[in-house]
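> Here's the letter readout for the chains.
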Amino acid sequence: MHGHFLPARIHVKERPALFERFGARWTPTVLVMDSSGVERHRIEGFLPASDFAAQLLLGLGHLAFAEQDWKEAEQRFGEVLEEHPDTEAAPEALYWKGVARYKGTGDGAALGETARAFRSRYATSSWAKKASVWGQ
Amino acid sequence: MAIEWRKDVDAALAEAGSAGRLLLLDFTAAPM
Numbered sequence: 256m257h258g259h260f261l262p263a264r265i266h267v268k269e270r271p272a273l274f275e276r277f278g279a280r281w282t283p284t285v286l287v288m289d290s291s292g293v294e295r296h297r298i299e300g301f302l303p304a305s306d307f308a309a310q311l312l313l314g315l316g317h318l319a320f321a322e323q324d325w326k327e328a329e330q331r332f333g334e335v336l337e338e339h340p341d342t343e344a345a346p347e348a349l350y351w352k353g354v355a356r357y358k359g360t361g362d363g364a365a366l367g368e369t370a371r372a373f374r375s376r377y378a379t380s381s382w383a384k385k386a387s388v389w390g391q
Numbered sequence: 423m424a425i426e427w428r429k430d431v432d433a434a435l436a437e438a439g440s441a442g443r444l445l446l447l448d449f450t451a452a453p454m
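Those sequence lines, one after another, are chains Y and B. Numbering (this note's numbering) for the first sequence: 256 to 391. Numbering (this note's numbering) for the second sequence: 423 to 454.
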């Protein structure tokens, strides 16, 4: 996955103006930015390695979603679920995977299936509540 | 494997753009 990213690190005390320019409020803050310099994902606060990796994958999913590459987005969100099922990124990925599938196929059944999936996984997450409207 | 952190954000953005990669911009307060 690291091949997708070019890493840059800024120390807040050395470059406070950059901290302000990018709206960082706390450290660590990690931004995923596309080639146009548009922020696509933000991670605030420390995360263990698996959670951090899951967030990066989630960021790739959101980037593909923003580019309306629905298949790629569905795949990336699916990777979060498969590779990091016990992270907080997983329920968010399940939600957006369903949305990406719906956007790509136009088939509303994708949303209903997602709502049903939340009944057996991540049922207490806020994402399950958001998806619950699709299961009615 | 050591990570080759860039320190010039605008140069890194340009480099990421030309390489078709995403920029991972890490703000830290830890000693570097």
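In case anyone wonders, no lab produced these hints; they're calculated from the structure. In this text the structure is predicted, and so the values were computed from the model without any measurement. Mixed in with the good hints, there may be bad ones.
[Claimed, not checked] Listed next, with one range per pair, are the computed distances between beta-carbon atoms: (1) Y/360 with B/424: 42 to 50 angstroms; (2) B/425 with Y/271: 18 to 26 angstroms; (3) Y/381 with B/440: 33 to 41 angstroms; (4) Y/391 with B/440: 42 to 50 angstroms; (5) B/442 with Y/271: 24 to 32 angstroms; (6) B/454 with Y/304: 31 to 39 angstroms; (7) Y/384 with B/424: 38 to 46 angstroms; (8) B/430 with Y/375: 43 to 51 angstroms.
The C-beta atom is built at its ideal place from N, Cα and C for all residues, glycine as well.
> Confirm or reject each hint.
Evaluated hints:
no.: 1; hint: Y/360 with B/424: 42 to 50 angstroms; verdict: holds, 43 angstroms
no.: 2; hint: B/425 with Y/271: 18 to 26 angstroms; verdict: holds, 23 angstroms
no.: 3; hint: Y/381 with B/440: 33 to 41 angstroms; verdict: holds, 39 angstroms
no.: 4; hint: Y/391 with B/440: 42 to 50 angstroms; verdict: holds, 49 angstroms
no.: 5; hint: B/442 with Y/271: 24 to 32 angstroms; verdict: holds, 31 angstroms
no.: 6; hint: B/454 with Y/304: 31 to 39 angstroms; verdict: violated, 20 angstroms
no.: 7; hint: Y/384 with B/424: 38 to 46 angstroms; verdict: holds, 43 angstroms
no.: 8; hint: B/430 with Y/375: 43 to 51 angstroms; verdict: holds, 48 angstroms
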